Amino acid sequence: PERATTLVTQIYPSADVLPENTLKFYVHFSAPMSRGHSYDHIRLLDEANRPVELAFLELAEELWSPDMLRLTLLMDPGRIKREVKPIEDLGPALIAGHRYSLLIARTLRDAHGQPLRQAFVKHFTVAAPDREPPDPARWTYTPPRVRTREPLAVDLAKPMDAALATRLIHVTDRTGRAVPGTAFLTERERVWKFLPVQSWSPGDYTLVVETTIEDLAGNNIGKAFEVELNAPTPRRTEPGVVKLPFELPEPRALRRE
Numbered sequence: 238p239e240r241a242t243t244l245v246t247q248i249y250p251s252a253d254v255l256p257e258n259t260l261k262f263y264v265h266f267s268a269p270m271s272r273g274h275s276y277d278h279i280r281l282l283d284e285a286n287r288p289v290e291l292a293f294l295e296l297a298e299e300l301w302s303p304d305m306l307r308l309t310l311l312m313d314p315g316r317i318k319r320e321v322k323p324i325e326d327l328g329p330a331l332i333a334g335h336r337y338s339l340l341i342a343r344t345l346r347d348a349h350g351q352p353l354r355q356a357f358v359k360h361f362t363v364a365a366p367d368r369e370p371p372d373p374a375r376w377t378y379t380p381p382r383v384r385t386r387e388p389l390a391v392d393l394a395k396p397m398d399a400a401l402a403t404r405l406i407h408v409t410d411r412t413g414r415a416v417p418g419t420a421f422l423t424e425r426e427r428v429w430k431f432l433p434v435q436s437w438s439p440g441d442y443t444l445v446v447e448t449t450i451e452d453l454a455g456n457n458i459g460k461a462f463e464v465e466l467n468a469p470t471p472r473r474t475e476p477g478v479v480k481l482p483f484e485l486p487e488p489r490a491l492r493r494e
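Each residue of the sequence shown is one higher than the last, beginning at 238 in this note's numbering.
It is worth saying that the hints were derived from the structure and are not from the lab.
Since the structure is predicted, the reported quantities are computational estimates derived from the model, not experimental observations.
No residue lacks a Cβ here, since even glycine has one placed at the ideal position from N, Cα and C.
Please note: incorrect hints may appear among the correct ones.
Computed Cβ-Cβ distance ranges for the label pairs, DEER-style [as the list claims (entries may be wrong)]:
(1) Ala390 to Ser267: 27 to 33 Å
(2) Ser302 to Thr385: 41 to 47 Å
(3) Thr412 to Asp253: 39 to 45 Å
Below are the DSBU-like pairs computed for lysine-lysine, each with C-alpha atoms no more than 30 Å apart in a straight line [said to hold, decoys possible]:
(4) Lys460 to Lys480
(5) Lys359 to Lys261
(6) Lys359 to Lys430
Given these sequences and hints, build the entire structure.
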């Protein structure tokens, strides 16, 4: 007899409003899943509950994490980039001002061949496309108190790719060594937080950001996902890092009078 226990635990982006050129979705599961035929059990539905045809880039090698707990769904770039044949023939998969639902059907099988315990649906509204690369110069941070393990909070100015933001932003100390700790995202993937293993010490630190980080539309730092061929600025081809220094000063003692 079937004993369905596996669930979809989260879909990223978690926001209820997404840009028209959203590039990918991450589907997280509570237990390992099986590989193969996943696209047969996943649908993007429009406002009338009709499937949006050819919305995803259906790869023969499905994009599963090594532990089989996360499936990456790539939107078909041909339905995102302007002036290419798929978008001219079919139009964009997502249209600003409309509502959509991403359905993960119960029939998707886990590693034991059992269906999901229940289906999962993410509802969202589509906003205008985002073609502006992330700009760390616009980021702001809330410093933690020294000698505590309060998290460092960095406002990224807009939601970012959940998997990449937790992996491609690091904190280093004044010697350049990585500060041990855990990164996580809040506020619908707009705020990056870092919880250190040990209490913060007073001193100079640096937020190191790899330029291959992406926002929801696949824009990198210094490079938009959709590049104008005749643009005067040459396309950056080599990844690098952006360094944002910050200081945690020694708290001043109150003076008695």
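So which of those numbered hints doesn't the model satisfy? Going through the list in order, the structure violates hint 2 alone and respects the others.
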